[in-house]
Every structure is written in C-alpha cells, then in structure tokens.
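Make a model of the complete structure from these sequences and hints.
The lines below spell out each chain.
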Amino acid sequence: MTRDIIIAGGGRVGFQTAELLAARDENVTIIERDEDRVAEIADAWIATVIEGDASDPDIIEQAGIENADTIAALTEVTGLNLAVCLLATRLTDEIRTVARVDRETNETYDRFVDAVVYPEEAGARVAANKTAGEEVQTLTAVTGDIEILEVRVAEGAPAAGRTLTDVSFPAGTLVISGEDASRIAQPDTTLTPGSQFVVAVEPGVVDEVLQLMRG
Amino acid sequence: MSSHDQREPEAELGLLDATMIGMGAMIGAGIFVLTGLAAEISGPAALLVFMLNGVVTAFTGLSYAELASAIPKSGGGYAFVREIFDDFGSFIMGWMLWFAYMIAGALYALGFAPNFLELLHVYDVVAPPDQVGAVVLPLLGVGVPPNFVLAFVAVAGLVALNAASTAASGSAETIFTIIKVSILVVFVAFGFFSAGGGGETSFTFQNFDPLFTEGSGAFSILPAMGLTFIAFEGYDLITTVTEEVENPRENIPKAIFVSLAATVVVYLLVVTVAIGTLGATELAAAGEAGIAAAATSFMPTGVPLIQNGGALIVFGAVFSTITALNAVVIASSRVAFSMGREGQLVQSIGQIHHRFGTPFVAVLVSAVVMLGSVVLPTQSAGNMSSLFFLLSFIIVNVAVIRLRRERPNMNRPYEIPYYPIPPILGIVLNGILAVVLIRFLIQTDMLALLLSIGWLAAGAVMYVALNKYRERIATDEAEPTADQPATDGGGDD
Chain Y
1 MTRDIIIAGG
11 GRVGFQTAEL
21 LAARDENVTI
31 IERDEDRVAE
41 IADAWIATVI
51 EGDASDPDII
61 EQAGIENADT
71 IAALTEVTGL
81 NLAVCLLATR
91 LTDEIRTVAR
101 VDRETNETYD
111 RFVDAVVYPE
121 EAGARVAANK
131 TAGEEVQTLT
141 AVTGDIEILE
151 VRVAEGAPAA
161 GRTLTDVSFP
171 AGTLVISGED
181 ASRIAQPDTT
191 LTPGSQFVVA
201 VEPGVVDEVL
211 QLMRG
Chain V
1 MSSHDQREPE
11 AELGLLDATM
21 IGMGAMIGAG
31 IFVLTGLAAE
41 ISGPAALLVF
51 MLNGVVTAFT
61 GLSYAELASA
71 IPKSGGGYAF
81 VREIFDDFGS
91 FIMGWMLWFA
101 YMIAGALYAL
111 GFAPNFLELL
121 HVYDVVAPPD
131 QVGAVVLPLL
141 GVGVPPNFVL
151 AFVAVAGLVA
161 LNAASTAASG
171 SAETIFTIIK
181 VSILVVFVAF
191 GFFSAGGGGE
201 TSFTFQNFDP
211 LFTEGSGAFS
221 ILPAMGLTFI
231 AFEGYDLITT
241 VTEEVENPRE
251 NIPKAIFVSL
261 AATVVVYLLV
271 VTVAIGTLGA
281 TELAAAGEAG
291 IAAAATSFMP
301 TGVPLIQNGG
311 ALIVFGAVFS
321 TITALNAVVI
331 ASSRVAFSMG
341 REGQLVQSIG
351 QIHHRFGTPF
361 VAVLVSAVVM
371 LGSVVLPTQS
381 AGNMSSLFFL
391 LSFIIVNVAV
401 IRLRRERPNM
411 NRPYEIPYYP
421 IPPILGIVLN
431 GILAVVLIRF
441 LIQTDMLALL
451 LSIGWLAAGA
461 VMYVALNKYR
471 ERIATDEAEP
481 TADQPATDGG
491 GDD
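One line per chain: the protein sequences are Y and V, in this order. One point on numbering: in this note's numbering, the residue at position 125 of the first sequence is 125, and numbering is uninterrupted. One point on numbering: in this note's numbering, the residue at position 46 of the second sequence is 46, and numbering is uninterrupted.
Watch out, some of these pointers could steer you wrong.
[Said to hold, decoys possible] Partial pick of chain V residues on the chain Y-facing surface, computed with a CB cut under 10 Å: (1) S69; (2) I71; (3) D86; (4) D87; (5) G89; (6) S182; (7) F205; (8) N247; (9) P408; (10) E415; (11) I416; (12) P417.
[Unchecked claim] Derived list of chain Y stretches under chain V, where covered just means 3 residues or more per stretch with a C-beta under 8 Å from a C-beta of chain V: (13) 5 to 18; (14) 149 to 160.
Think of the hints as simulated: they come from the structure by calculation, not from any bench. Glycine included, each C-beta is placed from N, C-alpha and C at the ideal position.
Right, dumping it as structure tokens:
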C-alpha cells in the first residue's frame with residue numbers, strides 16, 4: 001500500500017530522498033521555504049510542494065500531517081529538524097519521525113525521534129572509497145543508478161509464496177540472495193512471506209518490483 | 001498500461017502527444033455515437049448542445065489544470081480528490097469515476113456494434129443493419145441480437161488484451177487521434193462541398209430552421225447536454241499520464257486547454273455538417289450510427305480502393321469507438337487499481353499480476369461490470385456515464401476550493417484566473433445539468449436511475465464492510481498474545 005511521507009526541507013538531501021521515495025511509488029509532500037527552490041522541485045514533478053517554514057505548525061498541517069505515515073526532517077540545521085519532529089509528534093499520534101543530524105549522535109536523540117540520518121557520514125564513505133582506489137568498495141557507492149535493496153516479502157503480496165521461476169520480474173531486476181541473505185538465489189528459491197531478499201533494481205522499475213514483493 | 005511505463009527517468013511525451021491523448025479520448029466515440037441521440041432529443045439545436053457543453057466543461061478543465069500542475073500524480077481526478085478529502089469523500093469520488101468509465105466502456109461498445117455492421121453492409125458482407133437477423137448461439141439455442149454479441153466480443157477482446165499485456169503507450173495514441181481527426185475533416189469538407197449540389201441530402205441551412213423542435217422549446221437542450229456530456233471527459237485521461245510528459249507543469253495545463261478548444265471546434269463542424277446534410281429527423285432515426293448514415297448519404301461513390309467514400313467515415317466510427325473503448329478499459333482499471341493501492345478497495349485490486357505485470361484483478365473486476373452493462377440500451381449507458389462524470393467533476397471543483405482554503409501555501413505552478421469564479425461556476429453548471437439529467441431519467445429512464453442509485457448504495461455497503469474488516473484485522477494484530485474471548489474464537493475464517 002502507498003504511504004504518505006512528508007519531507008521537511010527540499011535541499012539536496014531532502015530532494016534526493018524524495019526522488020528515491022517517489023520512485024518507490026510513495027506519496028511524497030515536500031516543505032520548502034525558498035521560492036526559487038520550490039519552482040525547481042515543482043519542475044522535477046515528484047512531489048507536492050508546500051511553500052513555507054517547516055517549524056510553523058500551520059505549514060506542517062497544510063502538508064497533511066494528520067494522515068501522514070512518516071515525517072523526515074532533512075534540513076541542514078539539526079536543531080530545526082529536531083523541532084520539526086517533536087512538533088509533528090505533538091500534532092498527531094502514530095507518526096514515524098526521522099531527523100537529519102550533522103554529527104555523530106550516539107543514540108542521544110533516540111528518545112525523541114524514531115530514526116536519525118547522518119548524510120555526511122554516508123558521503124564520507126563514498127569519498128573514502130573513491131580516494132582509496134577501486135579494489136574494495138562499500139556497496140552503496142558502487143552501484144551507480146542501480147539500487148541494491150533488501151526487501152522483506154509481505155504477506156499477501158502478488159509474489160509471496162511463489163518461486164522465482166513463477167514470478168516474472170520486469171527487465172532490469174536481479175534477485176541476488178535467497179532467503180534471509182544466506183544463500184545465492186536459485187530458480188526454485190521461494191519468496192517466503194516475512195523473509196528478506198537482496199535485489200538489484202534499475203531505478204525505472206523499483207516501484208513495480210516493490211509492488212510484486214510488498215503488495 | 002502498467003506502472004512499468006511510468007517513472008521512466010526521461011520524459012517522452014511532448015505537448016502535441018499530451019494534447020492528442022486528450023483529444024483522442026474526447027473525439028473517441030461520443031461524437032459518433034451520441035450525435036444522433038442528441039438530435040433525437042433537441043433537433044437541430046443539437047449544435048447548441050455541443051457548444052454549451054464545451055463552455056460548461058471548460059470551467060472544470062481549469063480546475064483540472066490547477067490540480068494537475070500542483071499534484072504530481074498520475075491517478076487523474078481520484079488522486080486529486082484523495083489529496084484533500086477524507087476517506088469517505090475520496091472513496092465515493094473514486095467509486096463514481098470508476099463506474100463512469102466502465103459504463104462509458106459499455107457505451108462505446110454499443111456504439112461500435114452498429115457502426116461495424118454498417119461497415120460490413122457497405123461492402124455487402126451483411127444485409128442492412130436493421131435487417132440482420134438474430135445470431136443464434138449454438139449451445140443455448142436462443143437468438144441474440146447481433147449488436148449485443150458484437151459489443152460483448154469487443155469488450156471481452158480488449159479486456160483480455162489489457163489483462164495479459166501492457167498496452168500501447170501514448171505515442172501510438174497520437175497516431176490514432178490524427179487518423180480520427182483527419183477522417184472527420186474529410187467528412188466536414190465533403191459535407192460543405194455538397195452545398196448547392198441540389199441533391200436530396202446536400203448541405204443546406206434550411207435544416208436548421210426552426211432551431212428548436214416544436215413544443216419542447218429551448219429547455220429541451222438541457223437533457224441532451226446531460227446525455228452528451230460524456231463526449232467531453234477526455235482531460236481526466238490527460239492527467240493519468242502526467243509523469244510521462246516533458247515539462248509537465250507547463251505542458252499539462254496547455255494540453256488540457258488546447259485539446260478542449262480543438263475538440264469543441266471539431267464537434268461543432270461535424271454536427272453542423274451532419275444536421276445540414278441529413279437533417280435532424282433522419283439523424284435521430286439513425287441513432288448510434290448517425291454520423292455514418294450522414295456520410296453515406298453525401299460522400300462520393302466509385303472511389304478507388306474503398307469504392308464508397310462513405311465507407312471511410314464508417315471506418316472512422318468503427319476505429320474511434322474501438323480505440324476509445326480501449327482507453328476506458330485502461331482508465332477504469334487504473335482508477336480501481338489506485339483505489340486498491342490506497343487501501344480503499346480490497347487489496348488484490350491494487351496489486352499487479354505476478355507474471356503479466358498488469359493490474360490484472362482491477363481489469364477483470366472492471367470487465368465484469370462492463371460486460372454486464374452492454375445489455376443496457378445505448379441511451380441509458382450514455383445517461384449513467386454522463387451523470388457520474390458530472391457528479392465527480394463537481395467534487396473535483398470542490399477539491400480546488402478546499403485546497404485553496406486549507407492549503408494556501410501549496411505550490412501551484414498554474415493558478416486558475418479570476419478564482420473563485422470558475423470553480424464555483426463549474427459546480428453550479430455541472431450541478432444544474434446533473435439535476436436536469438436526474439429529472440429526465442425519472443421521466444424516461446427509471447432503469448438507469450435505479451442502477452445508478454444501486455451502484456452508490458453498493459459503494460456505501462462496500463465501504464462500511466471494508467472498514468469493519470480492517471478494524472478486525474487491526475485489533476487482531478494489536479493484541480496477538482492477548483487472550484481470545486471465547487465468543488471470538490469460533491469466528492475465525
């Protein structure tokens with residue numbers, strides 16, 4: 001089922017995140033303050049955009065906080081991100097919150113938000129890979145446009161309980177690992193509901209692969 | 001069309017393609033099937049009917065343009081309403097739009113059948129349409145009218161095609177539309193050339209006098225407007241392919257306006273020629289094959305290859321109805337699929353097939369309603385489909401106003417000029433047509449009215465049942481380890 005996701009901050013991190021989520025067929029709404037940036041995001045045609053300050057409760061409500069499943073505060077300012085997440089949990093129950101931070105936080109924020117992301121660390125990993133040479137690479141950095149996903153097969157999804165031979169994945173898909181990533185996938189590997197599989201997917205068909213495996 | 005074709009990194013449809021998709025959906029079948037029926041209700045004033053409908057629908061077109069530019073989703077009207085309405089409001093919108101498309105499918109199939117028979121008749125394969133006997137089904141031994149059999153086969157064939165494979169994308173639609181429009185241009189040109197020819201069916205303005213049929217007066221055009229409203233529903237289809245259009249925030253509003261304007265011009269020319277040559281009375285008598293009958297009357301014979309010039313127009317009618325039928329098979333299943341994805345219909349409707357990659361269940365469920373509806377009279381199908389488009393367009397206009405009030409900061413690359421007048425006019429005018437159509441149904445077509453009410457009631461029941469079911473699942477999941485009360489233990493299915 002499609003989820004509603006709010007992203008506060010449509011800068012480079014927020015925008016790229018929105019792009020990846022939209023490719024997975026999620027409903028994304030971006031909150032962005034800068035007028036020129038709003039126009040750029042609108043051109044990309046991936047998300048509804050609310051123009052305004054994400055720390056303003058009225059703006060968060062306009063983004064549809066009531067029915068949202070997750071809010072990710074991804075601006076450059078850690079304090080603002082935290083404020084947005086706390087505000088969101090006040091405005092509605094049962095919302096997942098994700099805050100972007102600018103330093104290693106060692107779980108100190110875990111009491112207040114459901115997850116933290118530290119994009120600079122991921123960026124540094126890529127930089128280290130490039131700098132050190134090409135012999136050993138962290139997986140996330142080498143895949144170019146291809147997404148390597150770990151997907152848990154949902155109960156009742158179209159592909160659930162079927163073998164790989166039975167399911168016709170769209171061109172541009174490769175199921176890499178068998179059940180729970182302990183073996184390489186075989187034609188008779190069964191996509192057991194509840195198990196996780198590593199799948200390499202080209203960006204254009206991510207939504208279709210997820211529809212098959214997640215329903 | 002599967003989601004495989006969407007979200008391609010590069011946009012591929014230009015302004016022309018998007019415009020052609022809209023025109024293709026509108027010029028599809030409405031003009032061929034409904035001109036005769038409109039002439040039956042309001043005589044030569046059928047011309048006014050199409051003109052005024054173009055004006056009424058333009059207001060909703062503005063609303064679609066604003067919503068499509070602000071909400072980057074490919075679900076059409078349902079996706080826009082889902083953005084701002086609560087669960088029940090958006091459910092009803094989807095439920096009505098889904099029905100409108102399915103009944104439109106039946107309507108186009110019913111329009112396809114007599115035109116196809118006419119085409120066969122032109123080449124002397126079969127007797128004139130009204131003399132073709134019933135087709136006897138070998139197993140059942142009962143006679144069934146050939147129109148019904150043809151309509152049924154057309155729907156079944158296209159459904160099978162769309163259930164098992166992903167359909168041709170927008171670029172093919174451009175070629176289809178150019179063919180359709182070219183054929184209509186030929187029709188209009190020869191119609192006007194026939195003026196002064198002195199033949200029995202030469203074009204003459206005397207056929208427009210008196211404009212309004214005797215006794216019924218100017219108000220007789222209102223029910224005819226309701227009936228033919230479906231001929232203008234194409235822009236909903238433009239907004240289902242937005243993700244494939246390049247520079248969508250500029251091109252989508254433009255495509256909506258250009259396709260609407262061009263369509264109105266084409267309609268007016270075609271209706272003028274049809275009435276001017278054949279006369280409203282004979283046009284009405286020809287019913288679903290009205291345009292084809294008009295063409296056969298004045299097109300030159302002895303043309304090389306196709307022999308009879310009229311056959312070209314009849315071919316145009318067959319081609320238009322079948323491509324329009326294909327478009328609504330896709331559109332109806334897509335509305336159902338979106339509703340399933342949003343959790344507003346049973347889950348399997350929102351899933352793609354594990355082998356074919358198509359929204360298989362959504363296509364099949366839509367097919368059942370479509371196949372069941374081809375037994376309806378053409379006019380009832382037109383009435384019901386138009387009624388549900390009118391009602392859902394009212395909701396779309398309300399959605400524009402609610403979004404402006406509740407989300408003033410939402411980025412709107414295209415804004416309706418002179419807001420709030422156009423959406424309010426859209427609500428009022430669509431509302432008037434809906435009321436007139438309902439009153440007309442009470443007088444002439446109780447069957448259509450009862451079926452419409454029945455569909456809404458079924459929707460309400462479905463909504464309540466689905467929510468009850470969801471609640472039960474949710475409570476079961478919330479307390480997986482809690483002691484099951486004894487009363488609950490037996491109800492496990």
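We went through each hint and held it up to the structure:
1. S69: holds, 8 Å
2. I71: holds, 5 Å
3. D86: holds, 9 Å
4. D87: Hint holds; V/D87 Cβ to chain Y Cβ min 9 Å, cut 10 Å.
5. G89: Hint violated; V/G89 Cβ to chain Y Cβ min 13 Å, cut 10 Å.
6. S182: violated, 32 Å
7. F205: With a closest approach of 49 Å, the V/F205 hint is violated.
8. N247: Nearest chain Y Cβ about 7 Å off; hint holds.
9. P408: holds, 7 Å
10. E415: violated, 13 Å
11. I416: violated, 17 Å
12. P417: Constraint on V/P417 not satisfied, violated at 19 Å.
13. 5 to 18: violated (count 0)
14. 149 to 160: Holds: 4 residues of the region 149 to 160 of chain Y have a Cβ under 8 Å from chain V.
Figure legend: structure checked against the earlier numbered hints; hints not met, in rising order: 5, 6, 7, 10, 11, 12, 13.
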